[in-house]
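> Sequences are here, hints too, so could you generate the full structure?
Protein chains: 2
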Amino acid sequence: MITSTQNPRVKDLVRLRERRHRDRSRLFAIEGYRELGRALQAGIDIRQLYACPSLYLGSNEPALVEAIAGSGAEVVELSEAPFRKVSYRDRPEGLLAVAGQFDTGIARLDLSGEPLVLVVESIEKPGNLGTMLRTADAAGCRAVIVCEPTTDPFNPNVVRASLGTLFTVPLAVAGTRQTIDVLSAAGMATVATTPDAPRAIYDVDLTASTALVVGSEQYGLSDAWLQQASTTARIPMAGSADSLNAAMAAGVVLFEAVRQRQATGNRQQATGRNVDRRPS
Amino acid sequence: MITSTQNPRVKDLVRLRERRHRDRSRLFAIEGYRELGRALQAGIDIRQLYACPSLYLGSNEPALVEAIAGSGAEVVELSEAPFRKVSYRDRPEGLLAVAGQFDTGIARLDLSGEPLVLVVESIEKPGNLGTMLRTADAAGCRAVIVCEPTTDPFNPNVVRASLGTLFTVPLAVAGTRQTIDVLSAAGMATVATTPDAPRAIYDVDLTASTALVVGSEQYGLSDAWLQQASTTARIPMAGSADSLNAAMAAGVVLFEAVRQRQATGNRQQATGRNVDRRPS
Numbered sequence: 001m002i003t004s005t006q007n008p009r010v011k012d013l014v015r016l017r018e019r020r021h022r023d024r025s026r027l028f029a030i031e032g033y034r035e036l037g038r039a040l041q042a043g044i045d046i047r048q049l050y051a052c053p054s055l056y057l058g059s060n061e062p063a064l065v066e067a068i069a070g071s072g073a074e075v076v077e078l079s080e081a082p083f084r085k086v087s088y089r090d091r092p093e094g095l096l097a098v099a100g101q102f103d104t105g106i107a108r109l110d111l112s113g114e115p116l117v118l119v120v121e122s123i124e125k126p127g128n129l130g131t132m133l134r135t136a137d138a139a140g141c142r143a144v145i146v147c148e149p150t151t152d153p154f155n156p157n158v159v160r161a162s163l164g165t166l167f168t169v170p171l172a173v174a175g176t177r178q179t180i181d182v183l184s185a186a187g188m189a190t191v192a193t194t195p196d197a198p199r200a201i202y203d204v205d206l207t208a209s210t211a212l213v214v215g216s217e218q219y220g221l222s223d224a225w226l227q228q229a230s231t232t233a234r235i236p237m238a239g240s241a242d243s244l245n246a247a248m249a250a251g252v253v254l255f256e257a258v259r260q261r262q263a264t265g266n267r268q269q270a271t272g273r274n275v276d277r278r279p280s
Numbered sequence: 001m002i003t004s005t006q007n008p009r010v011k012d013l014v015r016l017r018e019r020r021h022r023d024r025s026r027l028f029a030i031e032g033y034r035e036l037g038r039a040l041q042a043g044i045d046i047r048q049l050y051a052c053p054s055l056y057l058g059s060n061e062p063a064l065v066e067a068i069a070g071s072g073a074e075v076v077e078l079s080e081a082p083f084r085k086v087s088y089r090d091r092p093e094g095l096l097a098v099a100g101q102f103d104t105g106i107a108r109l110d111l112s113g114e115p116l117v118l119v120v121e122s123i124e125k126p127g128n129l130g131t132m133l134r135t136a137d138a139a140g141c142r143a144v145i146v147c148e149p150t151t152d153p154f155n156p157n158v159v160r161a162s163l164g165t166l167f168t169v170p171l172a173v174a175g176t177r178q179t180i181d182v183l184s185a186a187g188m189a190t191v192a193t194t195p196d197a198p199r200a201i202y203d204v205d206l207t208a209s210t211a212l213v214v215g216s217e218q219y220g221l222s223d224a225w226l227q228q229a230s231t232t233a234r235i236p237m238a239g240s241a242d243s244l245n246a247a248m249a250a251g252v253v254l255f256e257a258v259r260q261r262q263a264t265g266n267r268q269q270a271t272g273r274n275v276d277r278r279p280s
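So the sequences go chain by chain: G and R. Numbered according to our numbering, the first sequence spans residues 1 to 280. Numbered according to our numbering, the second sequence spans residues 1 to 280.
In short, the hints are calculated from the structure, not lab data. Yeah, the Cβ is synthetic: ideal placement off N, Cα and C, and Gly gets one too. Where hints are given, some of them may not hold.
Claimed, not checked - Simulated crosslink set (BS3-like; lysine-lysine; CA at most 30 Å straight-line):
| no. | chain 1 | residue 1 | chain 2 | residue 2 |
| --- | --- | --- | --- | --- |
| 1 | G | 125 | G | 11 |
| 2 | R | 125 | G | 85 |
| 3 | R | 85 | R | 11 |
| 4 | R | 85 | G | 85 |
| 5 | G | 125 | G | 85 |
| 6 | G | 11 | G | 85 |
| 7 | R | 11 | R | 125 |
| 8 | R | 85 | R | 125 |
| 9 | G | 125 | R | 85 |
| 10 | R | 125 | G | 125 |
As the list claims (entries may be wrong) - Residues from chain G that face chain R, not an exhaustive set, calculated with beta carbons under 8 Å:
| no. | residue |
| --- | --- |
| 11 | 131 |
| 12 | 134 |
| 13 | 236 |
| 14 | 262 |
To be verified - DEER-style ranges, computed between Cβ atoms:
| no. | chain 1 | residue 1 | chain 2 | residue 2 | range |
| --- | --- | --- | --- | --- | --- |
| 15 | G | 231 | R | 231 | 48 to 54 Å |
| 16 | G | 84 | R | 23 | 30 to 36 Å |
| 17 | R | 21 | G | 227 | 31 to 37 Å |
| 18 | R | 72 | G | 90 | 36 to 42 Å |
| 19 | G | 175 | R | 23 | 48 to 54 Å |
| 20 | R | 1 | G | 18 | 35 to 41 Å |
| 21 | R | 219 | G | 84 | 45 to 51 Å |
| 22 | R | 264 | G | 90 | 44 to 50 Å |
| 23 | G | 219 | R | 66 | 26 to 32 Å |
| 24 | G | 91 | R | 75 | 37 to 43 Å |
And the structure:
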């Protein structure tokens, strides 16, 4: 049991907040009961689990700890002081793990059939990226492709805002050029969302194999997407706000696709997702 | 010019972060160029404007300061140290005002015609409430009604996440009982969104006079709403996440109403909003 906030392991955990330490170690942190449950279920390579039983909120935690230990992770107990130091949260729940980063190569995505895919470009805020993953999961997306990321998907705030759906929705990170090539080779229609588009999203057919493309909070989509997408579409705006939040815009277009697909009987099934989640 | 972080005015400004000080003084803080521009335009009662020119991001700030001064506000210059102390932001933009709280009584809402109204119950997170206001504004809602608030709409994080749409969308705060009575008297259909509803939101007519009702992040809607709403509706979910974020759920149902209304030609016009914004 670790009781000192100066323990080297505690210091290593704190360092995982910084991207360069994540990039170098190819590790990342997963905090929280729900998030860890999803990570375990998705076969994420959990290496160490740090547990602080006095902070548990419920009574299910010991079973999850046992299951994670059974998957081969080392379990280390922390007292409250060091746990509070390593936690990313104001009210820690007593569970934080270190896991190996998984492969985010675009080549491993299965784009066969008539999938719905969300593509997001240059998203800056981890909270937005996490919310987009959660929403893409709820909408039954086959995959989320993060283009030209300014936010690392292994950022702890992405894990958190995604509620662990980072582990359930197949995720790829790629350049815009490569993404356009891969989607084109897969025969997918790409729909670039932009406020200047002549057509409303409601007037674009989203029922076939479709990638919905959403741009950054501040700058929208790059010219590459605006010029090379199969079509553009806008969300009709009535109000005085400059635009919707980027994650909200993604949600509105994703659920328009869900509506159209339910109407035509092409409903995405979560079971249609088969993707290699072995550690990279 | 105030240069000390110990100045009594600086202390008063910091106190406005706490709800009891806002409630007692009937004041609140508005920070940021865009937010203050919207407040000025909406006729919000701005009493004092604190400006720190060395923090301005652009060149339009002096014109806004002059306009706010012209509306009768006292303008006080702050040096960087006290401004950073009073700012709610990591990267302050050099503009922060104190304003009188406006009337949020439900009786002042104009519910005539066929408005689209968003009702939210017991929302806990200021960021969610602010995002809901921004989204309701983008969707052309006639009003947002906040039922049984656990978050004070004058919380600085509501102002911020709303991007100042707190001042453009007519807002009321009321109990659930009173809200049901008022909407019923106005002849509005109330659509309670809940994951257990038999009908999908896409199969409910939202084109007439409609209030969309969304519940809290953790507990959803109260029994009062579930039992007394005209109908219930769910957002179809495909994924493994427990549910959408509360603000996202509001956005999805609001833009479904926008879609239906565009299809039938009942488009909400922002100009349809006439509401008394005089100070309370």
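> Give a verdict on every hint.
How the hints compare with the structure:
1. G:125 - G:11: holds, 25 Å
2. R:125 - G:85: holds, 24 Å
3. R:85 - R:11: holds, 9 Å
4. R:85 - G:85: holds, 25 Å
5. G:125 - G:85: OK: residue 125 (chain G) and residue 85 (chain G) at ~23 Å, within 30 Å.
6. G:11 - G:85: holds, 9 Å
7. R:11 - R:125: Given that 30 Å is the threshold and the Cα spacing comes to 25 Å, the pair holds.
8. R:85 - R:125: holds, 23 Å
9. G:125 - R:85: holds, 24 Å
10. R:125 - G:125: With a Cα-Cα distance of about 18 Å, the restraint between residue 125 (chain R) and residue 125 (chain G) holds, given a limit of 30 Å.
11. 131: holds, 6 Å
12. 134: holds, 5 Å
13. 236: Since the shortest Cβ distance to chain R is 6 Å, the answer is holds.
14. 262: holds, 6 Å
15. G:231 - R:231: 48 to 54 Å: Violated: the Cβ-Cβ distance is about 35 Å, outside 48 to 54 Å.
16. G:84 - R:23: 30 to 36 Å: With Cβ atoms ~32 Å apart, the hint holds.
17. R:21 - G:227: 31 to 37 Å: Between residue 21 (chain R) and residue 227 (chain G), where Cβ atoms are some 53 Å apart, the hint is violated.
18. R:72 - G:90: 36 to 42 Å: holds, 40 Å
19. G:175 - R:23: 48 to 54 Å: holds, 52 Å
20. R:1 - G:18: 35 to 41 Å: Since the Cβ atoms of residue 1 (chain R) and residue 18 (chain G) sit about 39 Å apart, the hinted range of 35 to 41 Å holds.
21. R:219 - G:84: 45 to 51 Å: Taking Cβ atoms as reference, residue 219 (chain R) and residue 84 (chain G) lie about 27 Å apart, which means the hint is violated.
22. R:264 - G:90: 44 to 50 Å: With Cβ atoms ~46 Å apart, the hint holds.
23. G:219 - R:66: 26 to 32 Å: holds, 30 Å
24. G:91 - R:75: 37 to 43 Å: holds, 41 Å
Of the numbered hints listed earlier, those contradicted by the structure are 15, 17 and 21.
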